[in-house]
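Participant: Listed below, chain by chain, are the residues.
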Amino acid sequence: MTVTTRRNILGAAVAMTIGCTGLMPEAVAADYPAKPITMLVGYGAGGQTDLVARATARVMSADLGVPINVVNKPGAGGAVAASELEKSANDGYTLLFHSNSVVNSAPFIMKQVSFTPESFEYAGMITAYQVGLATQKDSPFSTLSEFVIWARENPGSSYGALSPEARLYIQEIAKKEGLDINIVPLKGGAGMMNALLGRQVVLAFSGGIHYRNPDELKTIASTTTFRHPSAPDARTIEEEGYPLGMDSRTTLFLPKGTDRAILDRLSAALKMAASDEEFKTFTASANIPIMYLDVDEAYKEMSATYTKHKGIMEAAGLTAQ
Amino acid sequence: MDHLMTGFMDVLNPGTILWVAAGVTLGYILGAIPGLGKATGVAVAIPLTFYLTPVAALGMLIGIAKGSAAGSAVSAILLNTPGEPSSAPTALDGYPLARQGKAQKALKMGLFASVIGDFVSTLILILLAAPLARYALLIGPVELCAILLFSLTFIGGLSGGSLTKGLIAAALGVFFATIGLETETFIPRLTFGLLELEDGISLVPMAIGMLAVAEMINQAGNMKALDRETSAISDSAAHEDRVITRVEWRRSLPVIARGTLIGSVIGILPGLGASVASFLSYGATKNASKTPEKYGTGMIEGVAAAESADNAVVPSSLVPLFALGIPGSVIAALLISAFVLHGLTPGPLMFQQQPRLVAAVYASMILASFIMLIIGYTCQRLFAQIIKVPLRLIIPGVLFLCCVGAYMETGSIFSIYVMLFFALIGFFSRKLDFSFVTFLIGFVIGPNLEFTFRQSIQLLGSDITNLKHHPISIVFIVLTLATAWWTGRSNSRKAVVK
Amino acid sequence: MRRANIVSGIMLALFGLVMLFAVIPWQIETAPPGFVSPRLVPNITMVVVVVLALLLVIANWRAPVNGDDAENASPIARVELMALLRIGAIFALSIALFRWVSSLAAGASLMVVTLLTLGERRPLPLVAIPAAILLATWFLFYKVIGTEIL
Numbered sequence: 008m009t010v011t012t013r014r015n016i017l018g019a020a021v022a023m024t025i026g027c028t029g030l031m032p033e034a035v036a037a038d039y040p041a042k043p044i045t046m047l048v049g050y051g052a053g054g055q056t057d058l059v060a061r062a063t064a065r066v067m068s069a070d071l072g073v074p075i076n077v078v079n080k081p082g083a084g085g086a087v088a089a090s091e092l093e094k095s096a097n098d099g100y101t102l103l104f105h106s107n108s109v110v111n112s113a114p115f116i117m118k119q120v121s122f123t124p125e126s127f128e129y130a131g132m133i134t135a136y137q138v139g140l141a142t143q144k145d146s147p148f149s150t151l152s153e154f155v156i157w158a159r160e161n162p163g164s165s166y167g168a169l170s171p172e173a174r175l176y177i178q179e180i181a182k183k184e185g186l187d188i189n190i191v192p193l194k195g196g197a198g199m200m201n202a203l204l205g206r207q208v209v210l211a212f213s214g215g216i217h218y219r220n221p222d223e224l225k226t227i228a229s230t231t232t233f234r235h236p237s238a239p240d241a242r243t244i245e246e247e248g249y250p251l252g253m254d255s256r257t258t259l260f261l262p263k264g265t266d267r268a269i270l271d272r273l274s275a276a277l278k279m280a281a282s283d284e285e286f287k288t289f290t291a292s293a294n295i296p297i298m299y300l301d302v303d304e305a306y307k308e309m310s311a312t313y314t315k316h317k318g319i320m321e322a323a324g325l326t327a328q
Numbered sequence: 325m326d327h328l329m330t331g332f333m334d335v336l337n338p339g340t341i342l343w344v345a346a347g348v349t350l351g352y353i354l355g356a357i358p359g360l361g362k363a364t365g366v367a368v369a370i371p372l373t374f375y376l377t378p379v380a381a382l383g384m385l386i387g388i389a390k391g392s393a394a395g396s397a398v399s400a401i402l403l404n405t406p407g408e409p410s411s412a413p414t415a416l417d418g419y420p421l422a423r424q425g426k427a428q429k430a431l432k433m434g435l436f437a438s439v440i441g442d443f444v445s446t447l448i449l450i451l452l453a454a455p456l457a458r459y460a461l462l463i464g465p466v467e468l469c470a471i472l473l474f475s476l477t478f479i480g481g482l483s484g485g486s487l488t489k490g491l492i493a494a495a496l497g498v499f500f501a502t503i504g505l506e507t508e509t510f511i512p513r514l515t516f517g518l519l520e521l522e523d524g525i526s527l528v529p530m531a532i533g534m535l536a537v538a539e540m541i542n543q544a545g546n547m548k549a550l551d552r553e554t555s556a557i558s559d560s561a562a563h564e565d566r567v568i569t570r571v572e573w574r575r576s577l578p579v580i581a582r583g584t585l586i587g588s589v590i591g592i593l594p595g596l597g598a599s600v601a602s603f604l605s606y607g608a609t610k611n612a613s614k615t616p617e618k619y620g621t622g623m624i625e626g627v628a629a630a631e632s633a634d635n636a637v638v639p640s641s642l643v644p645l646f647a648l649g650i651p652g653s654v655i656a657a658l659l660i661s662a663f664v665l666h667g668l669t670p671g672p673l674m675f676q677q678q679p680r681l682v683a684a685v686y687a688s689m690i691l692a693s694f695i696m697l698i699i700g701y702t703c704q705r706l707f708a709q710i711i712k713v714p715l716r717l718i719i720p721g722v723l724f725l726c727c728v729g730a731y732m733e734t735g736s737i738f739s740i741y742v743m744l745f746f747a748l749i750g751f752f753s754r755k756l757d758f759s760f761v762t763f764l765i766g767f768v769i770g771p772n773l774e775f776t777f778r779q780s781i782q783l784l785g786s787d788i789t790n791l792k793h794h795p796i797s798i799v800f801i802v803l804t805l806a807t808a809w810w811t812g813r814s815n816s817r818k819a820v821v822k
Numbered sequence: 248m249r250r251a252n253i254v255s256g257i258m259l260a261l262f263g264l265v266m267l268f269a270v271i272p273w274q275i276e277t278a279p280p281g282f283v284s285p286r287l288v289p290n291i292t293m294v295v296v297v298v299l300a301l302l303l304v305i306a307n308w309r310a311p312v313n314g315d316d317a318e319n320a321s322p323i324a325r326v327e328l329m330a331l332l333r334i335g336a337i338f339a340l341s342i343a344l345f346r347w348v349s350s351l352a353a354g355a356s357l358m359v360v361t362l363l364t365l366g367e368r369r370p371l372p373l374v375a376i377p378a379a380i381l382l383a384t385w386f387l388f389y390k391v392i393g394t395e396i397l
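Those protein sequences? They're chains V, U and A, same order as listed.
The numbering used here puts the first residue of the first sequence at 8, with every later residue one more than the last.
The numbering used here puts the first residue of the second sequence at 325, with every later residue one more than the last.
The numbering used here puts the first residue of the third sequence at 248, with every later residue one more than the last.
Chain V with its partners taken away, still in its complex shape:
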């Protein structure tokens, strides 16, 4: 908190200097970046998003010619880091690398979080999360429609959910098809894997970690709007007739009011990362697809998904707690 206060003062001082000397912001942007950049990450060190952030920071730093210091500020699904970014100076030296779910989903789930797409500026998006419905390889069903038929014949089956979104999917499907399914709460990727491999649940919502064990687990449907590159044959939930596809991507967030030239510069560096060989090997082995979006596309994606997710969650009767 002290840091932010100091940064705010610094930001105010910089703004005043600019104002007094009549220096235009473009002049600042022209020699950007001139000093090390701080990259906040809203998850703890060592997690999947943190790894992508660090790998991205490495390529970007080489391209920008200044060091990028990755700082983990975990808490409330990234909301703690995002609030910190909101209070930072919009000079392009503090940015947040995080899933855009902190803006397009978290506000509908957590009452304390009230971000909108207008809360930040965006310098692009780089990877996507392969969220979907996973089951054991030898399950009697391989698609969502087959699961619905099976679940109708086997009432009282168990489904593993690790978040309110995960519950939403099965509740909506169960409501529409009139199914009787027990929802078992799970904690994190490890809990989900344990429950699936230990056959405590027949189906589970996965953030993509189940691709690590392709000999025993399979995807029956992706809950994104695109088919997963790791399982191109599994249809999306929308193809199956449920308009519930929700995408999340790792996004470069900047404080509101950051100069467009700075965003473009960062976006160019982000594009370098997307095509970097080492970055590709790493994301491939972690089953993380690269789906680069530039500044304009990122803004469009952000407001489109915000509106769509809001609609889906409100229709499902999910209220922010």
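If you are wondering where the hints come from, they were derived from the structure by calculation, not from laboratory data.
Because the structure is a prediction, the values reported are computed rather than measured.
Fair warning: there could be bad hints in the mix.
[To be verified] Calculated Cβ distances over 10 Å to all of chain A for the following chain U residues:
1. F332
2. W573
3. Q678
4. L706
5. V728
6. L791
7. A806
[What the hints assert, rightly or not] Calculated cross-link-like contacts (lysine to any residue; reagent style SDA-like; alpha-carbon spacing at most 20 Å):
8. U:K755 with A:R250
9. U:K755 with A:I257
10. V:K94 with V:V78
11. U:K548 with A:R369
12. U:K792 with U:T811
13. V:K278 with V:V73
14. A:K390 with V:T45
15. U:K712 with A:A375
16. V:K118 with V:A322
17. U:K755 with A:E327
18. U:K548 with A:M248
19. U:K548 with A:V360
20. U:K548 with A:I323
21. U:K712 with A:G366
22. U:K792 with V:S164
23. V:K194 with U:L784
24. A:K390 with U:D523
25. U:K618 with U:L805
26. U:K712 with A:I380
27. V:K194 with U:D523
28. V:K315 with V:E179
29. U:K755 with A:R325
30. U:K755 with A:L328
31. V:K194 with U:T507
32. V:K144 with U:L452
33. U:K618 with U:P420
34. V:K194 with V:K182
35. V:K144 with V:T243
36. V:K144 with U:M674
37. V:K182 with V:E321
38. V:K287 with U:P378
39. U:K614 with U:E564
40. V:K194 with A:F282
Don't be surprised by glycine CBs; every beta carbon is placed ideally from N, CA and C.
Using the hints provided, position chains U and A relative to the given structure of chain V.
Facilitator: Showing chains U and A alone in chain V's frame:
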């Protein structure tokens, strides 16, 4: 086996040995410094995994993990400030030994027990990873809930003075663990609108506050008396106070064997962790002893029991990762990072894709065990000198390092407030004889206890008769009741007023 | 210890009651139907605390009085309480310095003032110990590891 030989070839070159040794040394020293520890090791390790070759990076990570687990015994024994809750039982007997001038003996036993527990557990990982992980999957939420309940009761019962006070501390620990977003509904609990509390109170600053800061305040209050003791006894000159005698070895070896077994089993199971292992091992040893009342006054077996179990958890917690791709611990999550960064998918595929690298990982684990022995043995003589330094010179530095360690976890001053709050609780619980250790165990396993309880309600379809499909959990429920009855009875025999 | 047990038992029971009837209903909302109530486990733990705390009070109240000083003596000595207050004040000062001056000043003051409070008067340790520890910390994190911790 062929692969293992190749793996050894890959590891046994000066470059890799150097990185493994660097990892063990760094881990051991960080673990030995009060306030710093595994959390610091994690911060250390992440940037490194980007720059080293896979074998060197993995070797170094494993070295840090093993080293910090063993090193945390040092501050527990010498200063009574365990770096992590899992070393708290080491301090129970290690610190009295150090105050009696037998610091070197306690340090040596801590080191040997650590190395043996670690080495045997590593062998188990190498030989039995796949079948064991299969068996561990039989332990579902219903079984786990019963096991957790049993552990909590068992540990609450051994807290000493009074079962009532022990259970109050445990219940308070579980209560504090409920703070934050509830995992099922995402409803915030007792957060008072603070975003920092949404993910709950983080263990590192809390443990540092209760274990280290509170103890430093306590020692500051009794500094004169403690310093007088120090100048009187210091390090004993007698040879048998500095080494482990043959008789002590004979008494301690079965204890180490049991500790290793407990640690290995608990490491494989999801959601229990090193602190439960070391306390169960300590408690089992105390219960099996003919002189349980002597524990807490400087029994060498107490150190052996706690450290062997604590360290056996590290390798065995990797079993689910290697066999099934499930990260079972913080270190496992870190290893995943190192694996994927070098283009290797953690999980069963590793054995087909890159058997040679897996073998190299195994080889560096064995190597790390041996390096740990050498480094620990060299350092303990040096570390033991700490006991001679007057407390007024030690306390300020320890307090500062506690702040560094707590701050690093979240990078926010809020962690310092958490640390101070629990230092206060820790201080009063020490004085009023409410076991702060039971409180910590309650806090550590609280979230899992609650969560598996909720899962069980769903899995059993809210019908208790469905328990008949879960024989393992019935066994543990019976054990829990028996433990409560047994400790309650032996407690009521003692006078209420102590 | 007897008196301390009774006092702490009463305090804990009060804490539990306040939590049960005021703080938990105020700070934990009820869940939508179909969920296990988020209040369930906090409530269980607080009921356990209240019951056990009352048990502690009753057991100590009824225990035979043998009139020695030990049962009424405070388990916390005066010097220990003073140490707690002093170190608390030192932390307050350091946090203030951290927020309004700098982290370096906070770290240095934490160590120097504690050294002074604990009775160290020689100038060399007063300067050398904090300087050495700060330098070592800086060297370890910024140079060896390359992680900025602030």
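Participant: Which hint numbers does the structure go against, in order from smallest to largest?
Facilitator: 5, 12, 18, 24, 25, 32, 34 and 39
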